[in-house]
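Asks: Spelled out, the chains give:
Protein chains: 2
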Amino acid sequence: MDIAAANTRAARAFVRGLIEAGVTDVCISPGSRSTPLTVAFAEQRAVRPWLHLDERSSAFFALGLARAKGQPVALVCTSGTAAANYLPAVVEANLSRVPLVVCTTDRPPRLRDNGAPQAIDQVKLYGTQVRWAADLPLPTNETADESRFAGYAERAVRAALGVLPGPVHMNLPFDEPLLGAPGEHPAPVAVAPAVAALSRPGVAPAAADVRAVARRLGLARWPIIIAGPETGGLPAEPIARLSAELNAPIFADPLSGLRTGPHDRSRVCDSYDALVRDVAAVSLVPGAIVRFGGPPTSKALNQYVARFPTATHIVVDLPGSYRDPLALNTQRLEGDPGLVADALAAELAGLEPAAGLAEAWMTVDARARAAMQSASAAFTEPFEGRVFVELQRALPPGATIFASNSMPVRDLDSFVVSDPKPLTFVSNRGANGIDGVTSSALGHAAAGGGPVALVIGDIAFYHDLNGLWAAKRHGLDLTIVLVNNNGGGIFHYLPQAAHDGLFEEWFGTPPDLDFRPVVEMYGGRFTLADDWATFAKGLDAARAGGLHVLELRTDRARNVAMHREAWAAAADAAWRAEAVAAP
Amino acid sequence: MDIAAANTRAARAFVRGLIEAGVTDVCISPGSRSTPLTVAFAEQRAVRPWLHLDERSSAFFALGLARAKGQPVALVCTSGTAAANYLPAVVEANLSRVPLVVCTTDRPPRLRDNGAPQAIDQVKLYGTQVRWAADLPLPTNETADESRFAGYAERAVRAALGVLPGPVHMNLPFDEPLLGAPGEHPAPVAVAPAVAALSRPGVAPAAADVRAVARRLGLARWPIIIAGPETGGLPAEPIARLSAELNAPIFADPLSGLRTGPHDRSRVCDSYDALVRDVAAVSLVPGAIVRFGGPPTSKALNQYVARFPTATHIVVDLPGSYRDPLALNTQRLEGDPGLVADALAAELAGLEPAAGLAEAWMTVDARARAAMQSASAAFTEPFEGRVFVELQRALPPGATIFASNSMPVRDLDSFVVSDPKPLTFVSNRGANGIDGVTSSALGHAAAGGGPVALVIGDIAFYHDLNGLWAAKRHGLDLTIVLVNNNGGGIFHYLPQAAHDGLFEEWFGTPPDLDFRPVVEMYGGRFTLADDWATFAKGLDAARAGGLHVLELRTDRARNVAMHREAWAAAADAAWRAEAVAAP
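The listed protein sequences derive, respectively, from chains X and W. Letter by letter, the first sequence follows residues 1 to 583 in my numbering. Letter by letter, the second sequence follows residues 1 to 583 in my numbering.
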């Protein structure tokens, strides 16, 4: 058998299958074993290959790109630890439901587990983190390989896009010679881009379940809706319609996509995190809590919800995943959130909802929002929360704010307000890691859907410095607001902050780095913003495109104090300035 | 139950168990869930805690440290993707048999798989890559926890040091509150360092097997010994004695530890890689091939061995691991290499071995070595192979040369000669990855066993730039020879090099980076060596300590040509200059 020809035929069929299923992007890292696949991708114009030298960053880039595009992105690497470097992003893709087709290449079976170089056990390497894992057969160079390998590709895309989207793992063994000499390498046949990409099938809720939940909601005094984080955003119009039918406030996490945009936001509550920290909030007793999306970013809101164990808790989610850590839900409604919201709204149409609760929440919400924004504006020294106020004001419609985990995503939640200007808010909230954040944001930017601003702390920025290489290599546009408090700001909110002798070394953990040289090494422009005027000017300059890092130096301890001040001001304004009529 | 007290008690017992089993070092990354363990480690003086901000680098640092010390090193991280970042180093530790006690901390079981923040499926996260994986119970604050958690720690160390050393995975769930307030946190009790660290039990070969193999060896005309790579090095004296009994040449991979040092090297062959590339080498037919350690680094030597399928192939290895990718071995001998070599030598004592083969090999070896060294010296332009000639000359006895994968380890093999000055040669040859190399070398340096020089290419250097942070944070001494050929030099040896249209973009993959700023950001000194005089001066300057990066810019295509020239010169000198009497 002509092994090189067999490899080429199988790899081309596999790539054709991916393209025909709608894959338009692949992230490739250099290596030898992956040669057949890399070449098969590089030969096609219908798929864009993105080169990455660090597989960890590559996978996070693919994650960001797939999330922004709402379609699967492929990954290709060589055998060995290269594949192991994908695991962090695979975990994130699993939990945040982002479709990835992870293609690891491998030694043929006879060279496994017997000391062959660069051979590790790649079969089911990602364990429970993937929707489907297949160890493909060796190419045979028979005609059947054409449909066989294209078929694996189609199955991979369908599995990644399935009822519950996520990563799939294709392990592709190739024998040597991996590639024929130029004269023997057949000319590639161009594959046309997919006329219609595969798309996810919808999951319609069971009619009986919808009726049962609608009945409960109709009976409940004062339901509230929580719109939690969801990859790609929740369907704004259907949920807004449901909230109208119920006259229910929507506690809209920024990652739900419901906080800004043209939909009906008359019941969208944005300052609940400050509101529910105050004991007064329990006076507005919800009789039913309907949650779309994952548990909200706000720890305070999660704790608030847990204060009402006897309320009717309804969790709307896709089959195959239970996101209810507090085990509160009395009824689960399985289906696509848009279909569920529409079905519930239809069932409830004509109901005369109780007045009062939504109005009360909107009153206190407006007061809290105003107080938070004034507090933020009053802090003339660098205040981490104000970064989001400035960004929401400065960014054009359609722009994206990507918030790193740890503090930025919490500040996003606290300081971004309900607003007609549509902005997209994104964060890696599957596993909440601080790894791969820059690469994820660059992947998002690579999708070309408008300007992207990443807000990130110094430890997360250090963790994925390698990610910046892609900005240079691929000429990407990204504004990074580097909130540099020299260490782990979030730990100041935890009990260990009181342990003076241990805290700074093991939790504060200052990196003590001046990031300017490394940003410049990757071709980025670096601006140190000492005040808000410089910050605004820096944001303005970033519009020119390319990689721009705008560093804001903050003080961890002061930042905690300013946050507490802002929350206290918001609670005072909301609950104590003037009584709210509890319905 | 006082949960904080329970956490403290269990974590302290676990740390005590590790210390009493001989663990002296732990690599810790910051996080919240890991607080009880981090604090328990930080409170003890008998164990040195190394802070790392990037878990991937942390695990490779631990690997390097554990390999250098020959004893298990512990790792601690928080829950979530932090744990996933350990996988690449866990894979390497598995295959290169380095003992690691990987401690991931986790949410309590009730908060798993239900959408709780920063909770991923960590149970058996490393799959088949670890010797033992345990999901520990939640602390109970009962007295039994003292011996229970210390017991888990002891088992972990024993499993990591077992018959086949390697990584183990302890997943430790902790509930909140993770830590008591300072006033309620009990004062730590100092744990004394282990009087006697646990050590690996030896595996003695079965006497019948030894007799059978000795009989075969005694009958075989002209046996040869291959000393392949082995973590910690192979036992030099016993293998040298066996070679004397058999009058067998030892083809000594630098990673076997047999190429330099005070042992009998009169039959140590160092230039086999150049020799066996020539067809003339088949004239010296080996009747038996005994291999200690893993398959040799030299691809040419592996191919050479495969040319004699009818010879007696004996593989000496530990139980539980088969390192014989060519499936050649006719007899496997299980046991510790020192015990096996001693037993075989004893069995063969008094045998009058056939003269001739060793002498012939040593003759051609001396000629090839001289030719390789002259060729290297004759290249006045930067030649990658010469780096090792210069290092072997300049480094003091007891120093370590750490070779990255891809080209450096092959040049190490080709250019380091048999020599009485003892040097240690190290490389990550389990999975042969180019990831984590800098961190592994820094971990080796942290063991304090003499100066360490790392030779690394630009792509591998880029891959683990984050590793440099540890050099700054912990004030480590490391000389890095950065062989910068702006891309993947090894691919020039592969068939794809002929594909002009694809090669440079997908295999050459130039990073186009000037590394000076990032080295300086991490507090290192950076020297660009244009010629060998500057290079030597740079090596000299590096003796002052700290992090020193000495960059040598080379040309990938020229480098291939120079290598081919050197190999041809060596083969000519060895095989054609003067006939060797084939025995």
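Misleading hints may appear alongside valid ones.
One copy or any two copies: either way a pair holds, since identical chains are not told apart in the list.
Under the rule of at most 25 Å between Cα atoms (straight-line distance), these lysine to aspartate or glutamate pairs were calculated in the DMTMM-like manner [said to hold, decoys possible]:
1) 472 to 520
2) 124 to 135
3) 472 to 514
4) 124 to 113
5) 421 to 184
6) 299 to 176
7) 421 to 237
8) 124 to 477
9) 124 to 245
10) 472 to 145
11) 299 to 419
Since the hints were made in silico from the structure, they are not lab data.
Asks: None of the hints should be skipped; say for each whether it holds.
Replies: Here is what the structure says about each hint:
{"no.": "1", "hint": "472 to 520", "verdict": "both (10 Å within a copy, 20 Å between copies)"}
{"no.": "2", "hint": "124 to 135", "verdict": "both (8 Å within a copy, 20 Å between copies)"}
{"no.": "3", "hint": "472 to 514", "verdict": "both (20 Å within a copy, 13 Å between copies)"}
{"no.": "4", "hint": "124 to 113", "verdict": "both (14 Å within a copy, 19 Å between copies)"}
{"no.": "5", "hint": "421 to 184", "verdict": "neither (57 Å within a copy, 50 Å between copies)"}
{"no.": "6", "hint": "299 to 176", "verdict": "between (54 Å within a copy, 14 Å between copies)"}
{"no.": "7", "hint": "421 to 237", "verdict": "within (16 Å within a copy, 77 Å between copies)"}
{"no.": "8", "hint": "124 to 477", "verdict": "neither (36 Å within a copy, 39 Å between copies)"}
{"no.": "9", "hint": "124 to 245", "verdict": "neither (47 Å within a copy, 47 Å between copies)"}
{"no.": "10", "hint": "472 to 145", "verdict": "neither (38 Å within a copy, 53 Å between copies)"}
{"no.": "11", "hint": "299 to 419", "verdict": "within (23 Å within a copy, 64 Å between copies)"}
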